[in-house]
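Chemist: Read off the chains here:
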Amino acid sequence: MLVEYIPLFLVIAFAIVFAFGTVFSSKIFGPQRPNPEKLSTYESGVQPVGTTHERMSVKYYLVAMLFIIFDLEVIFVYPWAVQFKKLYLDPSVGTTAFYAMLIFLVVFEIGYLYVYKKGGFKWD
Amino acid sequence: MTFTVHDLISLSPVLLIGVGILATLIIEMLVKESEKILGWFTFVLLLSVAYLSLILLDHTALVFEDKFLTGGRVNIFFFLFSFGAAVVSLLSMEYIKKAGIHFGEYYIMLLSSVLGMMLISGATDFIMIFIGLEQMSVCFYVLAGFNRRNERSLEAALKYFLLGSFATGFLVFGLGLIYGAVGSLSITEIVIGYETLKTSPLFLTGTLLFIIGFSFKIAAVPFHMWVPDVYQGAPTSVTALMSTTGKAAAFSALIIIFSPIIQAAYPSFFTPVISVLAVLSMLYGSIVAISQNDLKRMLAYSSIAHAGYMLIGLAAWNEKGVSGVIFYLVAYTFMNLAAFGLISLIEKRDLRGTEFSDYKGLGFKQPVLAGLMALTMFALSGIPPFAGFFGKYYVFLSAIEAGMTWLAIVGVISSVISVYFYLRLIVVMYFDNSDEIVMVTPSTSAMLGIMISVLLIIIMGVAPGSIINLINSTF
Amino acid sequence: MEILQIAVITLVKILIVVTLMLLTVSYLVYFERKISAWAQNRVGPNRVGPAGLLQPFADVFKLLLKEDIVPFAATKSIHTLAPMLALFVAFTTYAVIPIGPSVEIFGYKVDLVVADVNMGILYILALTSVGVYAITFSGWSSGSKYSLLGGVRSSAQMISYEISMGFSIAGVLLFAESLRPVAIVNAQSGLMWNAFVQPIGFITFVVAAFAETNRLPFDLPEAEPELVGGYHTEYSSMKFAGFFLAEYANMIIASAMIITLYLGGWQVPYIEKLGLPDYAVVLIQVTAFFVKMGVLLFFIIWVRWSLPRFRYDQLMDLGWKVMFPLSLLNLIWVAILIMIMN
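Chains as they are written, first to last, in the numbering used here: chain A, 1 to 124; chain B, 1 to 475; chain C, 1 to 342.
No wet-lab data here; the hints were simulated from the structure. Check before you lean on any hint, since a few could be wrong.
List time: in silico DSS-like cross-link candidates among lysine-lysine, alpha-carbon distance up to 30 Å [stated by the list, open to error]:
id : chain 1 : residue 1 : chain 2 : residue 2
1  : B       : Lys-36    : A       : Lys-117
2  : B       : Lys-360   : B       : Lys-98
3  : B       : Lys-365   : B       : Lys-97
4  : A       : Lys-117   : B       : Lys-365
5  : B       : Lys-365   : A       : Lys-122
6  : A       : Lys-59    : C       : Lys-321
7  : A       : Lys-118   : B       : Lys-365
8  : C       : Lys-273   : A       : Lys-38
9  : B       : Lys-67    : A       : Lys-122
10 : B       : Lys-198   : B       : Lys-98
11 : A       : Lys-117   : C       : Lys-273
12 : A       : Lys-118   : B       : Lys-159
13 : A       : Lys-85    : C       : Lys-273
14 : A       : Lys-117   : B       : Lys-97
15 : B       : Lys-97    : B       : Lys-32
16 : C       : Lys-321   : A       : Lys-27
17 : B       : Lys-32    : C       : Lys-321
18 : B       : Lys-67    : A       : Lys-86
19 : B       : Lys-320   : B       : Lys-97
20 : B       : Lys-97    : B       : Lys-198
21 : A       : Lys-122   : C       : Lys-321
22 : A       : Lys-59    : B       : Lys-348
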């Protein structure tokens, strides 16, 4: 079983080396002539105003939270999806395999509709 | 996993509340001004859940892959949670309007927390306890901060959240160790292997961490720091819920773990720990409560002391003690509901008016409310014809039977101390006077809730035998 | 097989695939510029080499010889980490995508996939999630408002579409009964391509893939008129090249994913009935894979030069209010289909 994963580790190791090499190659080949003007933040040519580390709108955090919830839902669906045909053909389970997941999804989607109705998906 | 009709019927209280939560969500999103309907809807729903759990008392069933038990003692807890929450929903209706937090989500959160409590009390597996506890706690965190424009409410929510998640950390760490020692999180497995486990340091440390985690939730000293600020800052109706059914749920977790071990007559290794917690909680709660000037804060410290009394029942490590704790929980729930209900009525629009000085002369201005408040205070201090007395009586009795008379004596001393601060309120109400006018508009719903609680306090005080017999019969 | 043998074969495969990817990326950029020129009635690059064919190499050398500027306001470590993460994701995801059936070469049985693992789909999903960090990090660490807005927008957009993507894939899994990409391809033999069986899932997945790769019409993170360069405004030299490379590599991977999941992978319907020798079948199949990929890549570029950009709220609305319910419907539809078929 574990032998299957050896290529993956090799790929990952190769990618790490590749990423390092690419990013640091300009340190070798490129010139290094910094000056204050060059290193100032780009703001379409005018003097930079204020900092960037300010508070963001709470809506972005809301998106992140909703993502966590629904992504977890997806993760629950996967094992079911892989096993569904087997479960359906198993006479002791049958259509229960379908309805069980349907109930789960309906419960989740009521939450989704609630967020929708309450304006959780208003992005203005 | 297959369900039989019997399983479904036995599960119906839990299923009903689950469907109810979805229904409240749908009502909330479809109906404008849903908060007007949802209060009564929640009340009716919780009442029918309470009724179902009572009539299904002898429908024992092991469901969800043997992870959830219904019937018997579990149903008594179901009844306690749902009926207590029903009373809270009565108390809330006018209060949240007054506090400016009149949103339908309040009731959704309330119902979800009750579902969490039910999951705790029916669990036969630590994972189920954990899930239920988290569901309950998260709802409480939100409810504590429900008054989001009030600084104190936010402070309460944040404090509760931080310390609560800290406690959960202890709990999960404990569960990890228990799993390492037992190889399973099922309570039955633990009881079976108890003989070998009782010398395993992993298991003992794990259980100790578990007890510590729950000590946070039941507010036992030295894990009580959050209680005064949270009880004071949270909306009063929410405090009523947290301090009664919330505490009962945390106790139910301890009971369902320890009572199979007690029943199998295994010796206890946790008695010293629990006794220390009990003594500290009783004395600390009673003594610090004396110096409080805010009624909600005073009741918070008194709730710490009450946690101490209840822990005596567990420390006694016999079946009588366990049924004593359950009786005490029921009594305490309705005493505190009545007390917080009355506070929420007398509280002013800007959420002030919970100081002792605000109650000056209440006995002449609002004779009915003051009378009920006096009765509740008598019951809380444990003066005979009311529920509080018999709660303490059963718990102390079990300690004496277990040969722990000293624990009972400490309990009595602490009760005597506590009489001082309970009666101080009565003195303030009837013997002080002020020119301030107390504006109170007792709403029908809140009065109904208070009357139900007071009636139950009296009934439990008059006929404690039948109720303790009912609890004993479910062993 | 011995571990050493596996390692050697894998290294050879990695070298071949990475070289192929790098070449494809270079010429994808070239073709994008040519196609855009064609779409806008221009000529496009035509100076370096015949018909501008050496232009990509000129670009790479130019970027390599430029100064690497890290602004004062930037958080240096994260600023450097971000392009590395982007490259890392782009050059690991290809590992599980099969480009052909297993073949015998010099007596060895070789799978035409770098790593044939049983959780390939989860691997891809996990890595695409890591890709979000690259963009968030670069946006946050640059210390520029354009970068920050681009990064935040982009991460919000990517996670929004990841859900409908996840549900669309669940529909595919229902048929394949496995998370192994090779098994998914094998489940689509004949004309049972998922694109025909579950068209809704196909459409939602393609749209989500566009959003995940930040391509037009979903390229708000780098909407030039508003955000200059978006999250890579403050990057230069090879760090910029890293993002650029990763973006185009992601395009290739996205089209490969679409092919594997919905367009039958390397399969050509009914080819086994022609009675061709084995090696010819494999050759045709591998060629089919690359032809499909070429068509899809052309499609992606074509869309870029045909459709205008969405407004941000429209984009999020589409993701949450249209794509999410649609992908869910697709899932239920496929489950019902399986029940009917059996």
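Chemist: Does each hint hold? Answer for all of them.
Modeler: These are the hints, each one checked on the structure:
Distance check on the hinted pair: B/Lys-36 and A/Lys-117 sit about 18 Å apart at the alpha-carbon level, within 30 Å; holds. Of the supplied pair hints, the one linking B/Lys-360 and B/Lys-98 holds, its CA atoms being roughly 22 Å apart against a limit of 30 Å. With a C-alpha separation of about 24 Å, the suggested pair B/Lys-365 and B/Lys-97 falls inside the 30 Å cut-off, and the hint holds. A hinted pair counts as satisfied when its Cα atoms are at most 30 Å apart, and A/Lys-117 with B/Lys-365 does not qualify at roughly 47 Å.
Among the hinted pairs, B/Lys-365 with A/Lys-122 is inconsistent with the structure: their alpha-carbon atoms are about 51 Å apart, more than 30 Å. With a CA separation close to 16 Å, the supplied pair A/Lys-59 and C/Lys-321 stays within the 30 Å bound. As the CA atoms of A/Lys-118 and B/Lys-365 are separated by approximately 44 Å, the hinted pair breaks the 30 Å bound. Annotation: proposed proximity of C/Lys-273 to A/Lys-38 is violated, straight-line Cα distance about 65 Å (limit 30 Å).
Simply put, B/Lys-67 and A/Lys-122 have alpha-carbon atoms about 41 Å apart, too far for the 30 Å limit, and the pair is violated. Taken as a hint, the B/Lys-198 and B/Lys-98 pair is broken in the structure, with Cα atoms around 54 Å apart against an allowance of 30 Å. Restraint check for A/Lys-117 and C/Lys-273: the C-alpha separation of about 55 Å exceeds 30 Å, so the hint is violated. Of the supplied pair hints, the one linking A/Lys-118 and B/Lys-159 holds, its CA atoms being roughly 28 Å apart against a limit of 30 Å.
Restraint check for A/Lys-85 and C/Lys-273: satisfied, since their Cα atoms lie roughly 29 Å apart, inside the 30 Å limit. The straight-line distance between the Cα atoms of A/Lys-117 and B/Lys-97 is roughly 23 Å, inside the 30 Å bound, and the hint therefore holds. Our distance criterion of 30 Å between C-alpha atoms is met by B/Lys-97 and B/Lys-32, whose separation comes to about 16 Å. Straight-line distance between C-alpha atoms of C/Lys-321 and A/Lys-27 comes to about 46 Å, which puts the hinted pair past the 30 Å bound.
With a C-alpha separation of about 22 Å, the suggested pairing of B/Lys-32 with C/Lys-321 holds against the 30 Å cut-off. Annotation: proposed proximity of B/Lys-67 to A/Lys-86 holds, straight-line Cα distance about 25 Å (limit 30 Å). As the CA atoms of B/Lys-320 and B/Lys-97 are separated by approximately 43 Å, the hinted pair breaks the 30 Å bound. Taking the CA atoms of B/Lys-97 and B/Lys-198, the gap is about 53 Å. The hint is violated against a cut of 30 Å.
Simply put, A/Lys-122 and C/Lys-321 have alpha-carbon atoms about 10 Å apart, close enough for the 30 Å limit, and the pair holds. Distance restraint check for A/Lys-59 and B/Lys-348: the Cα-Cα separation of roughly 35 Å exceeds the 30 Å cut-off, and the hinted pair is therefore not satisfied.
The earlier numbered hints that this structure contradicts are 4, 5, 7, 8, 9, 10, 11, 16, 19, 20 and 22.
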